[in-house]
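Enquirer: Sequence:
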Amino acid sequence: MGGLREMAASFVVPGPAGVAVRDRLRVSDADADAAVLTEVGVFLGSLASGDLAERSRQGLGHDAASWAVRKRSLTGRSSARWAGSITKASHDQWGLARRGQAAHMVWLRRQIASVEARLARPLGAKGDKRGGLVRGYGSRAEWHAKSRRLQALKDRLAVVEADWAAGRVRVVRGGKRLANTRHHLQAAGLDEQAWRERWQAERMFLAADGETGKRFGNETVRVTDTGQVSLKLPAPLAHLANAPHGRYVLDARVEFRHRGQEWLDRITENRAVAYRIHRDPARGRWYITASWQCAAAPLLPLEAALARGVVGVDMNDDHLAAWHLDVHGNPVGEPQRFFYDLTGTAEHRDAQIRHALSRLLHHARRCGAAAIAIEDLDFSDSTSREKHGRNKRFRRLISRFPTAKLKARLVSMAAEQNIAVVAVDPAYTSRWGAQHWQKPLSTPARKISRHDAASIAIGRRALGHPIRRRTTPPPSHQCDGAGHRTAQARPDTRRREETRPRIPGPRTRSVSPDTERKRATRTSNTARDVRRDQAWVQDSLLLTD
Numbered sequence: 003m004g005g006l007r008e009m010a011a012s013f014v015v016p017g018p019a020g021v022a023v024r025d026r027l028r029v030s031d032a033d034a035d036a037a038v039l040t041e042v043g044v045f046l047g048s049l050a051s052g053d054l055a056e057r058s059r060q061g062l063g064h065d066a067a068s069w070a071v072r073k074r075s076l077t078g079r080s081s082a083r084w085a086g087s088i089t090k091a092s093h094d095q096w097g098l099a100r101r102g103q104a105a106h107m108v109w110l111r112r113q114i115a116s117v118e119a120r121l122a123r124p125l126g127a128k129g130d131k132r133g134g135l136v137r138g139y140g141s142r143a144e145w146h147a148k149s150r151r152l153q154a155l156k157d158r159l160a161v162v163e164a165d166w167a168a169g170r171v172r173v174v175r176g177g178k179r180l181a182n183t184r185h186h187l188q189a190a191g192l193d194e195q196a197w198r199e200r201w202q203a204e205r206m207f208l209a210a211d212g213e214t215g216k217r218f219g220n221e222t223v224r225v226t227d228t229g230q231v232s233l234k235l236p237a238p239l240a241h242l243a244n245a246p247h248g249r250y251v252l253d254a255r256v257e258f259r260h261r262g263q264e265w266l267d268r269i270t271e272n273r274a275v276a277y278r279i280h281r282d283p284a285r286g287r288w289y290i291t292a293s294w295q296c297a298a299a300p301l302l303p304l305e306a307a308l309a310r311g312v313v314g315v316d317m318n319d320d321h322l323a324a325w326h327l328d329v330h331g332n333p334v335g336e337p338q339r340f341f342y343d344l345t346g347t348a349e350h351r352d353a354q355i356r357h358a359l360s361r362l363l364h365h366a367r368r369c370g371a372a373a374i375a376i377e378d379l380d381f382s383d384s385t386s387r388e389k390h391g392r393n394k395r396f397r398r399l400i401s402r403f404p405t406a407k408l409k410a411r412l413v414s415m416a417a418e419q420n421i422a423v424v425a426v427d428p429a430y431t432s433r434w435g436a437q438h439w440q441k442p443l444s445t446p447a448r449k450i451s452r453h454d455a456a457s458i459a460i461g462r463r464a465l466g467h468p469i470r471r472r473t474t475p476p477p478s479h480q481c482d483g484a485g486h487r488t489a490q491a492r493p494d495t496r497r498r499e500e501t502r503p504r505i506p507g508p509r510t511r512s513v514s515p516d517t518e519r520k521r522a523t524r525t526s527n528t529a530r531d532v533r534r535d536q537a538w539v540q541d542s543l544l545l546t547d
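Each step along the sequence shown adds one to the number in this note's numbering, with nothing skipped, and position 529 is 531.
Simulated from the structure, these hints should not be mistaken for lab results. Mixed in with the good hints there might be a few duds.
Here are the simulated DSS-like cross-link-like pairs (lysine-lysine), alpha carbons at most 27 Å apart as the crow flies [unchecked claim]:
#1 K73 with K90
#2 K216 with K90
#3 K409 with K178
Restraint ranges, calculated between C-beta atoms of paired labels, are given here [stated by the list, open to error]:
#4 A122 with H350: 43 to 49 Å
#5 A99 with R137: 35 to 41 Å
#6 W69 with E257: 34 to 40 Å
#7 G262 with E194: 36 to 42 Å
#8 D94 with A67: 18 to 24 Å
#9 A447 with D94: 54 to 60 Å
Bear in mind that the values here come from a model prediction, so they are computed numbers and not experimental data. Idealized CB from N, CA, C, for every residue including glycine.
Work out the full structure: start from the sequences and follow the hints.
Expert: Next up, the structure:
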C-alpha cells in the first residue's frame, strides 16, 4: 500500500436533460384565487400523505397491480390525472428515501472501519501513508470515547440494515428539519402561527405532469399561450369552479421571461409540460414552475472540446480561481478570481453562485476557449469527524462548500453558452500546482496564490499534459549536457525521455568534422572561441521514431 493513487481519466460532463423555469403568480392573500389554491392544495396534500403512507407500508412488495389499486382509489376522490400525479410523486419519494438509506449504510460502514483501524493502533502512534497505517488516538480518554462511539455506530447500522432488508423507509412530507423546528421555535425565531403556515405550504400538493398531444401540453394545470392559468378541480371541490368542465381559471397571468420562447413553442405544439404551484409563506407570494425534458445534446469529444485551449478552474470556499491555458498547456494572460459569499439565506447563496459562474463563462468566451476544466470533487467522506476530527473549522468549511450545486449550475449554464465542462481527477492538483507553478509565475508586481497555481494544474491535466512545468536549463551550460528536459514534450511523444539527437548545424553547435578542421585554422575573435555570426539559438525538440 502507499504511494500515489491511480488517476482517473478526464471526461466531458454530459449536459442537462431537463429544463425548469419559474414565474410569479400575482395573487394576494385577500384574493379569491389564493383561497381556492390553498383549499385545493391542502386537500390534495392530504391525499398525497395517505398515498405515501400506503406506499411505504407496501415496501418491497409493491408492484404494478398495487400501483393500479392505489390510483383507482384516489381517482374517485380527485380525478384520474390528479391520481396519476400523486401516485407517481409517492413512488419517487419512496425511491429517493431508499437511495438515501443505502448511502447512509455505506457511510456508517466507512465510519466503523475508520474507528476500528485507529483503535487498533497504539496511543499516539503516527500515521504512515506508504505503509497504509492510520494514526492512533492521542490519549486514553479519546480512545475510550471513540470505543463508545464505535458501539453506537454499530447499533445504528444494525437498525438501518434491518430497515433495508424489510424495505422500510422513513419519510416526512414537509421535511424532517421543519418538523423538528416545531420543538425549537424560539431558537428558530418563529411563533406557532408562522411555523404552521410554513408547514402547510410545504405539505400542499399542486403539481401535475404533462401529456403530449393534450391541449397546451397539460390538462390538469393548463397555461395558455396568453398566460392564462387554469386547473382541474378535484371532484369534492367542483363547487368552486368558475369555468366549464369543473375548471377554475385564475385572474393572475404568468409570463415566463427566461426561456419563454422555448416554452411557447412547446405548448403551441401541444408537447408535455409539467407545472408546480407553490407558496412562499415568508414573502407571502405564489409561484408557478414549468418543467420539461429536452433532448440531450450530442456529447462533444474530449479532443474537440480542448482544441482551442481550456480555462482551468479551482473551486474554493469563497472564490473561483481561473486561468486560461493554450493547447500546449501554457498559462495565457492574467489569473482571474471570481468571488462569492456563502453566508446568509439560501436564496442569497444561490444568487452569489450564479453571479460568479456567469462571470466565469463570460471570461471563457472572451478568451476564446470552448471548455472549462473543473475538479470532480466529492466531500461526502471528508466531512466526517474521523478524517478531520479536531479540525472543526476545516470540517465546517468543506461541509458548507456547495460542490454538487456548483457543478450542476455550471453544467446547466455552460450548455447555454456552448461551452463544454471537463471533469478531472482532483488528486494532488493543489500540491503539485504550488510546487511547480506558484513560484516561477510570481513577480514583485504579481503574487500568485496556491489556488491560481492549482487552476493551472487542473487545466494541464484536462489537456493531457503533466502538471510539472518545463524545467529550467541545466546549471552548467545552455544545452542538454546536464540532463534532458523531459517535460517539454507530450506524454504520447515517442523517445521523449532520451537525450536530444546531435544534428550537424550551426544552431545546434554540432558541425561536421570538415567544418571543425577548417575552424581550427582560423583566428578567434571572441573570448570563448565562438564567432559572432555563430550565435546559438535553441530550437524545438525534434521528434524521431
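Enquirer: Now, for every hint given, state plainly whether the structure supports it.
Expert: Comparing the hints with the structure gives:
no.: 1; hint: K73 with K90; in the structure: 9 Å, holds
no.: 2; hint: K216 with K90; in the structure: 19 Å, holds
no.: 3; hint: K409 with K178; in the structure: 26 Å, holds
no.: 4; hint: A122 with H350: 43 to 49 Å; in the structure: 46 Å, holds
no.: 5; hint: A99 with R137: 35 to 41 Å; in the structure: 37 Å, holds
no.: 6; hint: W69 with E257: 34 to 40 Å; in the structure: 37 Å, holds
no.: 7; hint: G262 with E194: 36 to 42 Å; in the structure: 41 Å, holds
no.: 8; hint: D94 with A67: 18 to 24 Å; in the structure: 19 Å, holds
no.: 9; hint: A447 with D94: 54 to 60 Å; in the structure: 56 Å, holds
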